[in-house]
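Residue numbers (my numbering), protein chains in the order written: chain A, 8 to 316; chain B, 1027 to 1569; chain C, 4 to 298.
These are computed hints drawn from the structure, not numbers from a lab.
Heads up, the beta-carbon is just placed ideally off N, CA and C, and yes, glycines get one too.
Check each hint, because a few of them may be wrong.
Claimed, not checked - Derived pair list, reagent style DSSO-like, types lysine-lysine, alpha-carbon separation capped at 30 Å:
#	chain 1	residue 1	chain 2	residue 2
1	A	73	B	1549
2	B	1405	B	1123
3	C	49	B	1233
Claimed, not checked - Listed next, with one range per pair, are the computed distances between beta-carbon atoms:
#	chain 1	residue 1	chain 2	residue 2	range
4	A	178	C	225	34 to 44 Å
5	B	1560	A	179	54 to 64 Å
6	B	1247	A	178	38 to 48 Å
What the hints assert, rightly or not - Covered by chain C, according to a simulated footprint, are these stretches of chain B (three or more residues, beta-carbon under 8 Å):
#	stretch
7	1147 to 1160
8	1347 to 1356
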Amino acid sequence: MKQGKRKLFFKRVREYRQLLLMLLPAVIFFTIFSYLPMLGIGIAFERFTFDGGIFHSPWVGLDNFKFMFLSGDILNVTKNTFFYNILFILVNNCLEILCAIILAELTSKHFKRITQSLMFLPYFISWVVVGAFAYNVLNYESGSFNTLMEALNLQPYDFYNTPKIWILIIVLVCAWKNIGYGTIIYLSAVMGIDGAMYEAAKVDGANIFQRIRHITLPSLVPTIVILTLLSLGGIFRGDFSMFYQVTGNNAMLYSTTDVIDTYVTRSLISTSEFGMTAAAGLYQSVLCFVIIMIFNALVKRYNKDYSLF
Amino acid sequence: MKHVSRKLCVIMAIMLIAVMPLSACKNSTNTDDTSGLTSNEAKGDSNTENNDTESDDGTTVDPIQEELAKGHVTLIGYQFGDNSVDHEAVLAKLNEKLEADINTTIEIRGIPWTDAETKYKLMFASGEEFDFCYSGAWIGFNSVATTNGYKSIDLDMVKTFAPDTYAATSADRWKQVTVKGNIYGLPNINAKIKNVLAVFRGDILDKYNITSISSPDEFVNALLKIAAGEDELLAWNVGNAEQNGRMRGTLYSQAKNLKDVISGVPLLSVDMLDDSYKIFKVYEDPDYLKYLETTKKLADAGVWSKSALANSDADENNFMAEKSACYIADAFDTFSRNDATMKALNPSYANRYFEVNPGYKKIPEGGNMSMLSINANSKYAERVMMMFNLFETDKSYFDLINYGIEGTHYEAVGETRYNALLPKYNDFGGFTISWGSNNSSLLRQNTTVPQEQIDAYNKSLAEDSIETPLATFTFDDTNYKNEIAAITNIVETYMIPIELGLTDQAEGLEKMKQKLETAGIDKLLEAVQTQLDAYIAEYNGNN
Amino acid sequence: MKRKSASEKIFNVIGYTILTLLAIIAVIPFVMIISSSVTAEHTILKYGYSLIPKEFSTQAYEKIFGFPDDVLRAYGVTIFNTFVGAVIGLFTTAMTAYVLSRKYFVWRNKFSFFFYFTTLFSGGIVPWYILCVRYLNLKEMPMIAQVAPYLLSVFNILIIKSFMQSIPDSISEAAKIDGAGEFRIFRQLMLPLSKPVLASIALFISIGYWNDWYLSFMFVDKAKYYSLQFYLYKILNAAEALARISSLSGHHVGEMPKENIKMAMAVIATGPIILLYPFLQKYFVKGLTIGAVKG
Chain A
8 MKQGKRKLFF KRVREYRQLL LMLLPAVIFF TIFSYLPMLG IGIAFERFTF
58 DGGIFHSPWV GLDNFKFMFL SGDILNVTKN TFFYNILFIL VNNCLEILCA
108 IILAELTSKH FKRITQSLMF LPYFISWVVV GAFAYNVLNY ESGSFNTLME
158 ALNLQPYDFY NTPKIWILII VLVCAWKNIG YGTIIYLSAV MGIDGAMYEA
208 AKVDGANIFQ RIRHITLPSL VPTIVILTLL SLGGIFRGDF SMFYQVTGNN
258 AMLYSTTDVI DTYVTRSLIS TSEFGMTAAA GLYQSVLCFV IIMIFNALVK
308 RYNKDYSLF
Chain B
1027 MKHVSRKLCV IMAIMLIAVM PLSACKNSTN TDDTSGLTSN EAKGDSNTEN
1077 NDTESDDGTT VDPIQEELAK GHVTLIGYQF GDNSVDHEAV LAKLNEKLEA
1127 DINTTIEIRG IPWTDAETKY KLMFASGEEF DFCYSGAWIG FNSVATTNGY
1177 KSIDLDMVKT FAPDTYAATS ADRWKQVTVK GNIYGLPNIN AKIKNVLAVF
1227 RGDILDKYNI TSISSPDEFV NALLKIAAGE DELLAWNVGN AEQNGRMRGT
1277 LYSQAKNLKD VISGVPLLSV DMLDDSYKIF KVYEDPDYLK YLETTKKLAD
1327 AGVWSKSALA NSDADENNFM AEKSACYIAD AFDTFSRNDA TMKALNPSYA
1377 NRYFEVNPGY KKIPEGGNMS MLSINANSKY AERVMMMFNL FETDKSYFDL
1427 INYGIEGTHY EAVGETRYNA LLPKYNDFGG FTISWGSNNS SLLRQNTTVP
1477 QEQIDAYNKS LAEDSIETPL ATFTFDDTNY KNEIAAITNI VETYMIPIEL
1527 GLTDQAEGLE KMKQKLETAG IDKLLEAVQT QLDAYIAEYN GNN
Chain C
4 MKRKSASEKI FNVIGYTILT LLAIIAVIPF VMIISSSVTA EHTILKYGYS
54 LIPKEFSTQA YEKIFGFPDD VLRAYGVTIF NTFVGAVIGL FTTAMTAYVL
104 SRKYFVWRNK FSFFFYFTTL FSGGIVPWYI LCVRYLNLKE MPMIAQVAPY
154 LLSVFNILII KSFMQSIPDS ISEAAKIDGA GEFRIFRQLM LPLSKPVLAS
204 IALFISIGYW NDWYLSFMFV DKAKYYSLQF YLYKILNAAE ALARISSLSG
254 HHVGEMPKEN IKMAMAVIAT GPIILLYPFL QKYFVKGLTI GAVKG
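Chain A with its partners taken away, still in its complex shape:
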């Protein structure tokens, strides 16, 4: 029995030798740059010293994790991170699909090319600059928004003292910055759809909305699923510079804008401990791991080909 299995294994290796050879570069790459450093997860349980390194520093158990839980804010912060990411996934994907479909269907070549390029521009604006712009527009005394309100004889709006409005601002800013990028993936997926299907539908008299509804959208499902799964894999990670820069690290907005990454960074300003940073990262990894295992299993049950692994 055992021997049979071994035989099967070697038979498969022979059978797949070309495929395995083609995988080899990637396997080596990830072994070196990801799996070897992964041994460093151990730092999360150590008081790291330079001479002890990863392998010989004193072991402190779970002590490095404690700081996150001491003041009782971690729950709120974790929740924020989770819900922001859910919103990003929903809003960004919807907008990206919409844009991709429109871009694919419109006929004016120049218009398409130009808008597509323009929509990509925000991706290149760093968060620092976005934050500076936001402050320029939103600050109470001299921001352009309130200057306008003043000119119209309306009440000025105190953005930096109104935490709730920032959920909207952050979601919009995130969409604005990333739409160009995401649209391209969907656009290439639309381009991969068999043109004959559209021709057949046209012959059958389907109008453009029906063609989108019955051909384009279903064909995009695998892409939607895979992009969503990939985003879910980072659902407990917040883009530090986005949250930090766009809000100007404003303490009055923390109730709605604080995510795990900003929270941890702020905690470790005065005691930058490698172990504590690693502990926070591990906390996020474990949560993400749980989520992705659940959703991947669900997707797998629905359609094996759509799952990540």
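Assemble chains B and C onto chain A, guided by the hints.
The following block gives chains B and C in isolation, referenced to the frame of chain A:
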């Protein structure tokens, strides 16, 4: 399924094989490191070598000559920040001098400010080869020292290779850079004494007939007057944690001569003049509550922006950009470095300096605030010390690394003053490496600073500086890192908005107290008090 | 030309409106960046950013190109990184994706998991840095150090994999029956068929390298190997950190970087990628569709 585990085993095995040589390497470098690290031992060895040569020759060989005879050495040093104005030219000149004097040249590498702390520690973690670097308590000196990143310094060696430094540095200074029994830095000879002044635009003050500001009340009134009269201009720009700290200092702690016992945690303070050294929580002090009332008044009057918290601009920049009428500056740096630049860029300002809390007690900065440290794996500790000796005690070197090339960047005026040439172009930030080898007795002041100002400044330093064990006490936070992290977070989250008067202060204060208690402020207080008491006892015993 | 049906007309109206709006929202801040980059420094500090420069000045560009050698060298380094990284990276990514998309490869999920797992857990920066510097010696090889660590991304692999899965099996099966090896099927059939997705991933990889400052920050000491973004980064991000550190240390650390230079650098850095993008766009329009192959 069993197939899978088999394959996993194979993968694991491959990984293990790949890892094993790694960890083996690791071990071997470790042993190397430790032998280098317990440098007393290593030092002992080289001493015996020296003695050997001496006894062989039968004559005493000057160890400096002997060291120089080993030939030319290039030292690699790390500084923070980008290169200063005309870095290359100054460095070339510096190397010319070093080459002639101690047969050494230096190569300076910079760590960009952003992520400086991370990169600084990674340098040590990776075992990179370099010889010396800037170090300071604020950039993780203690944690690098306790984790054995620096070479421990042998005083005998300092005496031999940096004799002038050794002679001029007091025993206390060495004590201040000692961590767990070992010296890990070469401290500045003279402690810099931090003295903050309020800088006001003279033209604005004249507009409101404000002639003198010599108490917090007068300061507050001046701000209120300016805020009421000026539309385009904020009276004062505060916002981020540091600006906030300066505000707390000016309006609260200075008047009471308070000092924070843990740097970065402005909650636990002690009265410098009270011999019992009893630590208290500032937010339980009635005067702190009065201070909050004041800031509320200032905030409501629009002295700073309602959006102040989101404004990350430095207050000095806001001041220079005609956005605010005042900022709090460190006199030491302003007078000796950028006064000429500020005046050249905005001649109409007619800056005026005021001590808001005259007579408040100043304490010398601890030796561990600014140092040069030697990397644990450097092979040229002797040369670093020889170089340091020149930087810190030789005026020609000191002038060069602080003010640049004479005739191009500055013009010496007597021994204590200088004329800034091209002030718009060069603000005399100096090589940051020069911070590590500062010596305030060699410092020059800008000729743009009026003599009365300097006299007043010197007088206040002379009369109001006090010696206190608090100056050199550092809290050993090894077992309290979690509490400090949680509390730092609370300070940023609650304390700053409360102090800026932008939220409901009473409610915020209540919430902050609650959070602090759950985060373990009392436990921390107790621990600091215990350590401080022990430190004071030891200090008193020694003196 | 066929007459447009009513539904197509409606779709066009909606489509043009939405895209125009989005394009405007995207372009306004960028216009502000360009405008600020040619505005005098004190005007920005005092009045903030605006769509039309309040006081025109080319001082920022003059300062940046005041050291033309440095900027040009940085451009050179970045172009090299981008080109080499994109070519090697794209090919390897596609090859890996091809294998993972083969339905008859029974270990495909195990390998997918092997790759995906690396996005969930990481040892953090310390061990990665130690490995790169101490064992791989990347600091001694600045040109390799700025390319190698970013060659492959799991995200890109899985996107291409998903695209290749949607290509009907019949095409590669036919080739297999004709005796073609895996590598040949990959190179001669699947690569051309995947042009649209390859174009987008090529763009992503290029942008990644073009915008990278981190690898320079970590591994490059010598200014002549600085990548463009690192050269810019040092100026861009310094202001805030400077302010913080200046007060922490009590040392005066010199003048802050200038606002208009920040903006000018953003313009300079994005320029070329905007030029590359239209070139790649032709693959989205003309890309070989499966229908064309089958037909």
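Hints numbered earlier in the text: which of these fail when held up against the supplied structure?
none
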